[in-house]
Amino acid sequence: WDQLLPNLVGATLFFPLFIIEGIEFINFKLSIQDNFHYENIILSPLCNYKSFLQNIFVENKNTVFLLHGSSKYENLEKHQEIITFGALLGYHNFCFLEGSHNYKTMISNKLMENETVMITPLFFLLGKHIQTDLIDNFLKSQKNEKWLVNSCLLDRPEIIATISKIGSFKLQ
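Mind the numbering: the sequence shown is residues 894 to 1065 in this note's numbering, read in order.
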């Protein structure tokens, strides 16, 4: 990132891969605005694109969708586009790694009901949060081991195709 920015010599279209307009997106946008004297275009977070939202909800209706969340703001407010869209399609199980509506409570309750819990992380990659925080430190310590963690977003070809279409459409 630091090596790319100085090499840009004109107006640029930025398509940042952020799911919501959280603090990271806001800081990214401010960084672009502060460091360039060009009229740049910064595309919206992915939750603003209906085609993206349609593709993330392809699991069982009882799937638990795990979002990052934050302790800095109210999760339901910042993630409302995703939650509302999911609810319209019949999905109602949303929880967050950080902040309110914590994942440990929801997943523990589902496991106590003796059902297999399918968890779909709305994260781009299987990183520390999913592998260490969710799987190693939490799920593997549960008495009921009836759980399945689905693929992250960039491991799903339909998500990559959708993101590519959004980016190429905006370039036209």
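These aren't lab readings, by the way, just hints derived from the structure by calculation. All C-beta atoms, glycine included, are put in the ideal place defined by N, C-alpha and C. It is possible that some hints are incorrect.
Now the in silico label distances, taken between C-beta atoms and shown as ranges [to be verified]:
#1 N933 x K1039: 25 to 31 Å
#2 G983 x F1017: 23 to 29 Å
#3 L969 x R1049: 21 to 27 Å
Quick rundown of the hints versus the structure:
no.	hint	in the structure
1	N933 x K1039: 25 to 31 Å	48 Å, violated
2	G983 x F1017: 23 to 29 Å	25 Å, holds
3	L969 x R1049: 21 to 27 Å	25 Å, holds
The structure does not agree with numbered hint 1 stated previously, though it agrees with all others.
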